[in-house]
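K.L.:
What follows is each chain in one-letter form.
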Amino acid sequence: MVPEVPKNSAAVVGGRRPPPDRSVAPAARNRRLGIGFIVPVVVFVAVFYLYPLARNVVLSFQDYDINSLYSGNAPFIGLGNYRRLLSTPAFATAVVNTVVFVAGSLFFQFTIGLGLAEFFHRSFPLSPLLRSLLLIPWLLPLVVSGTLFRWLLDTSNGVVNQILLTLHLVQDPVPWLNTPHTAMAAVLICNIWIGVPFNMVILHSGMQAIPAELYEAASLDGAGRWQQFRYVTLPQIGPVVGIVVTLGLIYTLKVFDVIWVMTKGGPANATHTITTYAYQLSFGGLSEFGLGAAAGDLLIVVAAVFALLYLRALRADPGARA
Amino acid sequence: MRTSVKCRRTRPVGAFTATVTAAGLLLTSCGGDSSPPRPAKGSGKITLTEMDYYISEPGRSALTKQLTRCGKLAGVVIKRQIVPDLRTKVLQLANSRALPDLILLDNPDLQQLAATGALVDLGAAGVKTDGLYPNIVAAGKYRGKQYGVAPGVNQLALYYNTSMLAKAGVKPPATWDELRIAAKKLTQGDKVHGIGFAVPASEEGSFQFESFFFSAGASLKKLDSPEAVSALRLLKDLVSSGSAPKDVLSWNQMNVGEQFTNGSLAMMINGPWELPLLRKAGMKDFGIVPVPAPAGRTSSGALGGEVWAAGSSGDKSRKAVEVIKCMVSKGNSLEWAKLTNYVPSDPKVTAEFSAAVPTMKTFVETIGSAKSRTAEVGPDYPKYSQALWTAVQAALSGSKSPSAALADAQKQATQ
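Chains as they are written, first to last, in my numbering: chain Z, 1 to 322; chain P, 323 to 737.
Don't take each hint at face value.
Said to hold, decoys possible - Which stretches of chain P does chain Z cover? Using the computed rule of at least three CB atoms under 8 Å from a CB of chain Z, they are:
no.: 1; region: 411-425
no.: 2; region: 431-445
no.: 3; region: 621-635
no.: 4; region: 696-709
no.: 5; region: 716-725
Stated by the list, open to error - SDA-like mimics (lysine to any residue), calculated; alpha carbons at most 20 Å apart, straight line:
no.: 6; chain 1: P; residue 1: Lys733; chain 2: Z; residue 2: Thr166
no.: 7; chain 1: P; residue 1: Lys733; chain 2: Z; residue 2: Leu86
no.: 8; chain 1: P; residue 1: Lys467; chain 2: Z; residue 2: Val96
no.: 9; chain 1: P; residue 1: Lys513; chain 2: Z; residue 2: Thr166
no.: 10; chain 1: P; residue 1: Lys544; chain 2: P; residue 2: Glu698
no.: 11; chain 1: P; residue 1: Lys670; chain 2: P; residue 2: Val686
no.: 12; chain 1: P; residue 1: Lys705; chain 2: Z; residue 2: Ser87
no.: 13; chain 1: P; residue 1: Lys463; chain 2: Z; residue 2: Ile66
no.: 14; chain 1: P; residue 1: Lys722; chain 2: Z; residue 2: Ala90
no.: 15; chain 1: P; residue 1: Lys722; chain 2: Z; residue 2: Val96
no.: 16; chain 1: P; residue 1: Lys506; chain 2: Z; residue 2: Ala90
no.: 17; chain 1: P; residue 1: Lys513; chain 2: P; residue 2: Lys544
Stated by the list, open to error - Using C-beta positions, here's what the derived DEER-type ranges look like:
no.: 18; chain 1: P; residue 1: Lys513; chain 2: Z; residue 2: Leu308; range: 54 to 60 Å
no.: 19; chain 1: P; residue 1: Pro380; chain 2: Z; residue 2: Val159; range: 29 to 35 Å
no.: 20; chain 1: P; residue 1: Ser383; chain 2: Z; residue 2: Phe44; range: 49 to 55 Å
no.: 21; chain 1: Z; residue 1: Leu167; chain 2: P; residue 2: Ala420; range: 57 to 63 Å
Source of the hints: derived by calculation from the structure; they are not laboratory data.
Even glycine gets a Cβ: it sits at the ideal position worked out from N, Cα and C.
The shape of chain P in the complex, shown without the other chains (with noise of 0.2 Å):
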């Protein structure tokens, strides 16, 4: 889910000059081999298109190395495309029947792209899923057929400020209860919130709140269970008592981080894509567990990352394939996962990743229960996460209370 950061907040901008302007000037050309392919049978190399969103670092240069790597073991030369807004752009491509040879999207946006036929069986063509986390494999997967692999994945989780915890005397929440109790505790006025999280309008907003829906219980199929209005009533508690800001209806992940670092929030909800920026803002004094769940019901919070896909072409697919294989490798994922703070999708892989990056030790234990946001609903899920997002942003406005806001997005999903 790094998108949340990066990809969506360049989304405005990124819609509009595509509509403004030719959508080619959008396209970034940078890294691989920019050799011009020659078409000559046999004995030339066969040039594979990909697009990715990663257009800032570390992702950035991450994958031009390991793509770059990859294209040489399968002989082909890899042009690659940063595309900021790729959601919109591959089904634009899909409709002319011109989708790049590699992709790699968000997960929730594969089984979309799927159902238009674009995609290759990569399960057919001989990629191996065996030993992955169960529910990464079943975010690549489309009425059955395995059509995108993760090289890695990541999930949300609660970060605290340890000296603020430490001075008002709070352990790290592990219950809702707790949490209720914390946040209230180490809230002082309007200068310092308890707890921060991020539920804009958009897909970062569900997927946000999607931690605490999924960790009560709640399925996606009935967003107005008595479980799901209970998450619910839960962050409409934390924003009307004060122990969070009213400001979480308009942040973005990436200002609850700034929040954090700077101090006015002493707990925040977000991703493993936040490690690097603390960091580099010298911010050393925290801790991370799992987002709290309900007393006796294990935390689970939506499935985030990215998974590779490949557009059918004929030829070229047979070498799409290998470059996805070799991507997706534990040798690549585990060094993906190492220098982008994901977790690799292989539990094999994760111990020996635990051991050397010990920050992501939370995430790494929290993976398995993770869900897929996809699995429940299929290629209707933008619309029952927008009916989601709507409902949450209702109820935390004051609008509607939870029940009756949850009671609409069902209706609005399913009509």
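Isolated chain Z (complex conformation) (with noise of 0.2 Å):
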């Protein structure tokens, strides 16, 4: 069967062709060339992302735990770890929290990056070094956000709090990390600082792209900085909120090291996200990796739904392309 195959696709490609003058036809050898360039490609991605995930999948169907990782036995159980996962307490406060966590963080990075790229979009003496500056959230890498976000918000020592009770803004320290409500509320802050840079670039360079005679058009009939915002930016711009968002989603539903270094999913789970508590199942002591699995497969089912609906209301705006 295997030494049919160059054979057979030799001669179909050479019938499509005009009678071949040389014993080897190029087309061949560019197919030939083709698949050494398309196999090391496909090799990659089966070896580090295909198989990792399969394997993900099988293992959330299994009852796999600390000693299965020495006897190799792994009894399959069926749907076993998603039910007890989803009669688990812990995760259905992981499900609130990430919903809460990611609809603030995309709300607020979203609003606040939109009002940044509006503003940076009138050109100003500076602009683009102001730009740059805001950049910086960004590019720091993500522990030492958290890390320095844990000290500014530490109830006795924190500067935030010091701020605070300088302007007479609040009576008593405010326990940021140490109660369940302001504690989402502050890895909330953390994250949304981080993510406004990237909101404001993509969007941005969006609105550079609206060329400049809607705007000349849209003064002439008489609209103000508001509806030209309203009128010609936003429905402009639509495309590009698409992308924004919809990265903003996926790259938020992943959202571990920022949790992780501030709270580590306290006080008592109220930060603990799907992501945070998949690890914890799987690497916080209990080596629950079955049900760990489980966590993060449907974590990626929620992820790819997402990425599946903007791919679809792409296809469907052929112009959204643009």
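Using the hints, put the two chains back together into the complex; each one sits in its own frame.
P.N.:
Put into structure tokens, the structure is as follows:
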């Protein structure tokens, strides 16, 4: 079977072309060359993406714990892990936290990013310098940002509380990382700070692509600043908004470092998202690898659904590709 | 429990690197003889692999020194690797049946690793544990067999700032009631808190809470006993009265040490690993007493420290056992204790040690009453520990009452 493949393919390729005047058709050589280019990619994707993904899915149907590591015994238990996960109160908390974290991050990152993009859309002296300064949060390693915010928001020694107290905005220090509600707010603030530059840069470049004539025409028609933004800018950057929100969603779903460095999911699970909870299950001491894999898979499914919705939206509106 | 300071802090980074890059990049080979192994039979030396997590001084070079010496004695070359997230790493290696010949790991992780069947029965291989502290021997046991031996151990104590206590006219507290009163008297608004401890959402949090939990007479088998509730209520009272900062929920032990050093805390719960840091910061004005216990009870904390274990590998395991025997011998154990502020595992050595290192006196005196974390619940300990630190956080952050939090913890641990 295998040796026949090149012959067949050569014949097929040869048949499509005018009668060959040499023994090896250039098309066949091209084809072989093409395969040569594709194979490394296929191997790479299979080894580094498909296999781990498939293994993770299989793992989520197995009772895979610490003993399985050595004995190799990991009985298949069907949907057992998923069932157990869904009946665990801590997982329910993690799901709610994930929704709050993702929705909160996306909303504020996007609105602040959009505001800044619009601000820099008008050119003024030093605007490129200011814009590059605003990029800094995005350039810092996440562990650094997390550690920084952990100390900024420290209850007794944090700069944030010192400022709030000095300005008499609060009576007592705010226990940022140490009560369930404020802890979620604290990790959100940090993550929003990190994500704003990304939103700003992409939205800003989308705005740069809008032809100036549109604004000229609009102002001739008597449109004010707000109306220009509402009826020219927003519709024009529609596709870019789609990209920013989808990428932001996928990116925020998998945020781990910020939360882990700041709170380790505490206090009392108040900041555990599905991502940190899955890590906790697998590597946080419990060694519940099957359960952790199930949690991770659920997250992948959610991200994939949104990615597909986005791709479909792109296809339905071919103009959006531009 | 040195991990809680140095290792746990590096865990997020370590875990991340391990998943992103090839795990091999994480390993820093250091110390030992770097000459390549010569597989020639007879004349050639055997090369043993070793893993530990002593990434910073003084443990880092102290261990290299001792390994080189013991390796020479056993006629082997030891290749050392320092792995910050050792627990995850050895579990992965157990999976591919490629455990290193020698492992120095945190004692509560030993039973989990032993349960995989990947470790050598050191007792059967001739490692003697007679005469060592019984709690230390217990910490290295799994199902009656000795899989780990500790060169040195540690536990927590109460550090106090001598001049702050003198100024407030307070004696170092020995009982819970004295602790409540002293902590309150020593607190000055938001500037200085009477006492600090570390109960973050990690093993470190459980470890610190356990010194109150065990002192109250509670057992890990029943997390919601009245004794356990009384211990949690004590910590909750300290936090809600303002005698302890709310930050205890997010600080680690090293952070607590820093706050004590800069005078923001009059007392702290911490281990002997803080001593070099206090010395480095120029802090001399402090004393150490056992962690307070309820009136009439003896103070008892969780036993910390690392144990030596050997990954089974036929011929090499015989040599590995020889090296372990050497590493836990009286001389080396004493030297290790002096260099790294551990309490030697052998009571016969501790007298000499106490005399040589007076700051370690309290730790030496209380080590006998410390409890092995895995003695009661075995390899399930991580499950109990996680339930416990979650309960501590729930109670101290005010989202549940101590009794409700611990009742939930018991349910979570045994489900």
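K.L.:
Check each numbered hint against the structure and report the violated ones by number, ascending.
P.N.:
Hints 3, 6, 8, 16, 17 and 20 contradicted; others consistent.
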